[in-house]
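Undergrad: So the chains spell out like this:
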Amino acid sequence: MTPTLSIFLAVSAALFCIGLLAALSRRHAIFILIGIEMMLAAANLNFIAFWRFSPEPHQPTGVMVAIFSIAIAAAEAAVGLALVIAVYRHYRTTNVDQLDKLKG
Amino acid sequence: MNNVAFILIAILTLAAALAAASLPKLIHAALSFAVTFIGIAAFFFLLGAEFVGLVQIFVYIGAVAVLIVFTILLTRRDDEKDRGFNWGGVAIAVAVFGGLLWAIFKTQSLSIAAPQIETLTVKRIGEVLMTGFVWPLQCIGLLLTAALIGALILVMEEKR
Amino acid sequence: MSGDFLDQIFIRVKQWLLSWLAGAPDWVIQIASSLINILALLGVFLTLFAAISVLERKILGRMQNRYGPNRVGPFGLFQPIADGIKMLIKEDIVPARADKIVHFLAPILIAATAILALGVIPYGRNMTPFAIDGGILFFFAVGSTTELAVFMAGWGSNNKFSMLGAMRAIAQMISYELPLIVTTLPVVMVVSSLSPDAIVAAQDGYAFGFVPRWFVFTPWGAAAFILFFVSGLVESNRTPFDVPEGESEIVAGHMTEYSGFKYATFFMAEYIGMFAISGLGITLFLGGWHAPIRALEVIPSYAWFFAKLSTLLFVYIWIRATLPRTRVDQVMNFAWKFMLPMAFACVIAAAVWHYAGRGVPGWLWSLGVIAVVYFTLSILLDTRKKFARRTYRFAE
Numbered sequence: 002m003t004p005t006l007s008i009f010l011a012v013s014a015a016l017f018c019i020g021l022l023a024a025l026s027r028r029h030a031i032f033i034l035i036g037i038e039m040m041l042a043a044a045n046l047n048f049i050a051f052w053r054f055s056p057e058p059h060q061p062t063g064v065m066v067a068i069f070s071i072a073i074a075a076a077e078a079a080v081g082l083a084l085v086i087a088v089y090r091h092y093r094t095t096n097v098d099q100l101d102k103l104k105g
Numbered sequence: 006m007n008n009v010a011f012i013l014i015a016i017l018t019l020a021a022a023l024a025a026a027s028l029p030k031l032i033h034a035a036l037s038f039a040v041t042f043i044g045i046a047a048f049f050f051l052l053g054a055e056f057v058g059l060v061q062i063f064v065y066i067g068a069v070a071v072l073i074v075f076t077i078l079l080t081r082r083d084d085e086k087d088r089g090f091n092w093g094g095v096a097i098a099v100a101v102f103g104g105l106l107w108a109i110f111k112t113q114s115l116s117i118a119a120p121q122i123e124t125l126t127v128k129r130i131g132e133v134l135m136t137g138f139v140w141p142l143q144c145i146g147l148l149l150t151a152a153l154i155g156a157l158i159l160v161m162e163e164k165r
Numbered sequence: 019m020s021g022d023f024l025d026q027i028f029i030r031v032k033q034w035l036l037s038w039l040a041g042a043p044d045w046v047i048q049i050a051s052s053l054i055n056i057l058a059l060l061g062v063f064l065t066l067f068a069a070i071s072v073l074e075r076k077i078l079g080r081m082q083n084r085y086g087p088n089r090v091g092p093f094g095l096f097q098p099i100a101d102g103i104k105m106l107i108k109e110d111i112v113p114a115r116a117d118k119i120v121h122f123l124a125p126i127l128i129a130a131t132a133i134l135a136l137g138v139i140p141y142g143r144n145m146t147p148f149a150i151d152g153g154i155l156f157f158f159a160v161g162s163t164t165e166l167a168v169f170m171a172g173w174g175s176n177n178k179f180s181m182l183g184a185m186r187a188i189a190q191m192i193s194y195e196l197p198l199i200v201t202t203l204p205v206v207m208v209v210s211s212l213s214p215d216a217i218v219a220a221q222d223g224y225a226f227g228f229v230p231r232w233f234v235f236t237p238w239g240a241a242a243f244i245l246f247f248v249s250g251l252v253e254s255n256r257t258p259f260d261v262p263e264g265e266s267e268i269v270a271g272h273m274t275e276y277s278g279f280k281y282a283t284f285f286m287a288e289y290i291g292m293f294a295i296s297g298l299g300i301t302l303f304l305g306g307w308h309a310p311i312r313a314l315e316v317i318p319s320y321a322w323f324f325a326k327l328s329t330l331l332f333v334y335i336w337i338r339a340t341l342p343r344t345r346v347d348q349v350m351n352f353a354w355k356f357m358l359p360m361a362f363a364c365v366i367a368a369a370v371w372h373y374a375g376r377g378v379p380g381w382l383w384s385l386g387v388i389a390v391v392y393f394t395l396s397i398l399l400d401t402r403k404k405f406a407r408r409t410y411r412f413a414e
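Chains as they are written, first to last, in the working numbering: chain A, 2 to 105; chain B, 6 to 165; chain C, 19 to 414.
For reference, chain A alone in the conformation it holds in the complex (with noise of 0.2 Å):
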């Protein structure tokens, strides 16, 4: 059984619902942080996987997506991590249940 493109996707798939387990059933900002990096992670897969399985593998569009894809959930993990820590300082929570102070 050699691994077809099915089973990578369903491989991705699996771990693109982890990260959204983690990122709508966790309380704490940086669980869903981590929820949300590893769904970005999980399309990265996608995209090298269907790449490698493209007809047309010369020209490596998959792999390029995926390069600026990291970048780009870097800077977001980072900002995201900023934005934690200053909630943080004025509300000495990082529960997100308790951050609704715009609750009407």
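Keep in mind that the hints were calculated from the coordinates and are not lab data. Each residue gets a CB set at the ideal place from its N, CA and C atoms; glycine is no exception. Take these hints with a grain of salt, some might be off.
[Said to hold, decoys possible] To give an idea of the interface, some chain B residues facing chain C are shown, with a C-beta separation under 8 Å as derived from the structure:
hint	residue
1	Leu36
2	Phe56
3	Leu59
4	Thr126
5	Gly155
Position chains B and C relative to chain A; hints supplied.
TA: Positioned in the frame of chain A, the structure of chains B and C alone reads:
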């Protein structure tokens, strides 16, 4: 592609991802998150994109994981365990997984085997970056600068 | 031909060993080949670690006008055996409220990443253990994983000294990663490849018949080598930058709560990190395994590599014996305000050298670029005004 290697890496990655999503102590979750990324980098190596795998290890484990553990340290409370686990999230995630699997295995054109390709050298990636993808490269540079300045401003102490 | 035989002797031994498995399937031969590489690498570098642990103490002692250890064996050279036995039989103390798994895994990870980094360096002709296309990137990727392992060591000990020491160590290591990587950029640019084998091959030959084409003999190469060497000093937490582990500063930093064999593992990881960075410096700037004079090319390539490695390690020990420890904010200032702009100047100087023809005019132009940036920085970062005039209270 080696089947044994694929199965082992898949098990490692998914187990570490599940651990990262469900461990109660935050530091353990952050460290298994780093192991997940090692697994994903191994997948990239298996798929023949070695440069991306190395960049993944470098950026995610060397930078993002260190950022996350630093933030965990700086925002520590005495009650470290994460109270409250929302079971609705689990239901949604399982539903999405089911939907994606159904979509993947229903599409016939995706059950293809890997074609033989020439190895993608770093030189080729460099050429493509500087010719076809030069505008995205400049935009990424601007974006990273903006993110750097933004993150610094967010955590700078306000002058009294 | 005898020169070639001695040069390739290890390759021939490995092929003879592999010929015993001639009939086995392909993956068995690959795994066996990798295992032989790994065992050879571990054997050589663990022996070198043992040797340097005693040689460093003797050289430090001689520089401080005393003998080093000289009781165990002839001239004290069996000291590593005594040290090894001591470390192995010491009681392994784990703090009661430490996080057991993290505390246990941290020294393993640090040693593992240090040894992994050794795998991509070319030790001789055809003697790179794992020749991958992006070898330099692999080295830095593995090196950046060390920071996470240092954090695990500091956090897993549940001790404020450890945590502070780990934070300082990580801050230092992250700050100096940038100059380290940017100084390798000129070399990668000029050779247009990330593979260490290609970089060593590009330093082949002699200009004007007798000057080797090593990159250290170009102005941008010399400046980049000095910056690389200093960054390597910082990355390995050696004096004068050993604030994270200085005994008078923070007990032992992130290694405070480790005893016995785990401490020996940290110690080993630090030295192997030194070997790896020196090896990379030799590959990038000092011509790898090439001989400096055409007449001496009969000496095998790996002998030249280890001669250069020994010279660099001697300079490491010499600097340790000579310079005092710097303050942690001075270290950060130095990295961000001086080393990073100088490293970028080296990149520009390498480009100028390449486009001015790589000959004498290119040499002079790139020297001009580096001199201009250096003097501008020294004027901009003027520290003269910060020190008051020295006055003496008693011995006027």
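Undergrad: Which of the numbered hints above does this structure break?
TA: Hint 5 is the one this structure does not satisfy, whereas the remaining hints hold.
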